[in-house]
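The residues making up each chain are set out below.
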Amino acid sequence: MAAYVDPLVVGRVIGDVLDMFVPTATMSVYYGSKHVTNGCDIKPSMAINPPQVAIDGLTDQLYTLVMTDPDAPSPSEPSMREWVHWIVSDIPGGTNPTRGKELLAYMGPRPPVGIHRYILVLFQQKGPLGAVQQPVSRANFSTRFFADYLNLGLPVATVYFNAQKEPIRRRR
Amino acid sequence: MGIQTTGSQGDNGNNGKQLQCHQLTRQNSMYSLTLDEVQNQLSDLGKPLNSMNLDELLKSVWTLEANQTFGTETEGTALTNQTSLQHQASLSLTSALSKKTVDEVWKDIQHRKIDGEKKSRERQPTLGEMTLEDFLMKAGVVTEASTDENVGAPIAGVNPSVASQFAQQCQWMQYPQQPQYDHPQQSMMGAYMPVQSMPQPLAIETTGVIDVSYPENQLALPSPLLGTLSDTQASGRKRGTPEDIVEKTVERRQKRMIKNRESAARSRARKQAYTNELENKVSRLEEENERLRKQKELDKMLPSAPPPEPKYQLRRTSSAPF
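Heads up: the sequence lines are chains W and H, in that order.
Going by full-length UniProt numbering, the first residue of the first sequence is number 1, and it counts up by one from there.
Going by full-length UniProt numbering, the first residue of the second sequence is number 1, and it counts up by one from there.
Hints are computed from structural coordinates only; laboratory data are not their basis.
Hints are supplied without guarantee of correctness; some may be wrong.
[Claimed, not checked] Cβ-Cβ distance ranges computed for the label pairs, FRET-style: (1) S267(H) - E102(W): 28 to 36 Å; (2) L58(W) - R253(H): 28 to 36 Å; (3) R252(H) - S33(W): 42 to 50 Å.
All values reported here derive from a predicted model rather than from experimental measurement.
Every residue, glycine too, gets a C-beta built ideally from N, C-alpha and C.
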């Protein structure tokens, strides 16, 4: 099982954002036709709209999905770590985020400097969340703190991708 | 990773040894790698990283480095110097520290961290992703817990004491870094910085002296140190001098080097993570492929005819004759 988490450790996702966990659900993320695997590269232009996320967890369970960027504004000086891009809760298992409650609207990756990691974390809820206080600002978010605050426990699935600013095509 | 021939390579006196140390850290192949990467390289040593004693860990790291440099070595003298240095270094590790396993030291480090420095976020909380250098530095810090408060110590007094610290800490380098250290302090600092982050942790035990002002965060590493030294000089001199300017450039260079190193480490981590993921994916797919093939074979082998449809049985043949 550890082999399946290795990319997360090596890529420092576990460490910078999450604590060590054992995945118990699977989640497949697609931006259009591009399947997101750990550490793959996604162009921001492909990620303007929310991805399709298929969650295979237990059908009677509710899940929360968080998308966050720990390398904001730049990986060498992440003074705004983390920048939260998307929060959806109350997603029924076996479905996708459109069936859940979007607590924070999706914002696509817009890395100004460097190569950023964008991490999608799935938590299994212990029950319906009720009223959740929306984060005041997207900056300096803490996934750990958020999970604690909502008593979400450790993640059940995670995937991350890399994105960097696309070079502007010079029109001559 | 060959020996750099700046300065007199043939001079095996103080300069020679010092060059060795520079080269050891400039080569830096092992020390700036994360512990995970080190573990990968050490994988054929048969023992998991965590349960190794620090002693064994360091020895195996050096063996690896020696092997690496040996491959590119052209001068035998340099190599023998290096190995002799390594022996000296291992001798200077106190028994206390070396007997501890990596795991225990790691736990200590975590305790230290909780005891409160709100330093920067550069700290990597997971063992594997720390660089070897950071780990050793923190290991050194751990055993010198009580002296951590001395950061704010009177600066005027730092100069001579820091100088002596250097002398002591560099036992394994052994050479009178001190004289070199006193004079061209600023330029020495430039040369010093990369060196001291390595020998420090190794020699720290024997000296009983701190690496206080050498915070774990590599980014901050040069500035406070330079700060203390430049302060000692600035306290006697209130106007900007050429030395100050030189020192600033040196400081900038150090910062850039460290930033670069971190960026390189991130890049390596990125590449490694992606590779891991692909390898996992491949092995998963291969397994599934195997499974499906076997399934197909099994299906072909069993001539299972579909059960006869009941509606063709006009006569009761399969029920009991009541």
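Would you say the C-beta atoms of S267(H) and E102(W) sit inside 28 to 36 Å of each other?
Holds: the Cβ-Cβ distance is about 34 Å, inside 28 to 36 Å.
Is it true that the C-beta distance of L58(W) to R253(H) lies inside 28 to 36 Å, as the hint says?
violated, 56 Å
Given the hint of 42 to 50 Å, check if R252(H) and S33(W) actually sit that far apart at their C-beta atoms.
holds, 46 Å
In this structure, the one hint that does not hold is number 2.
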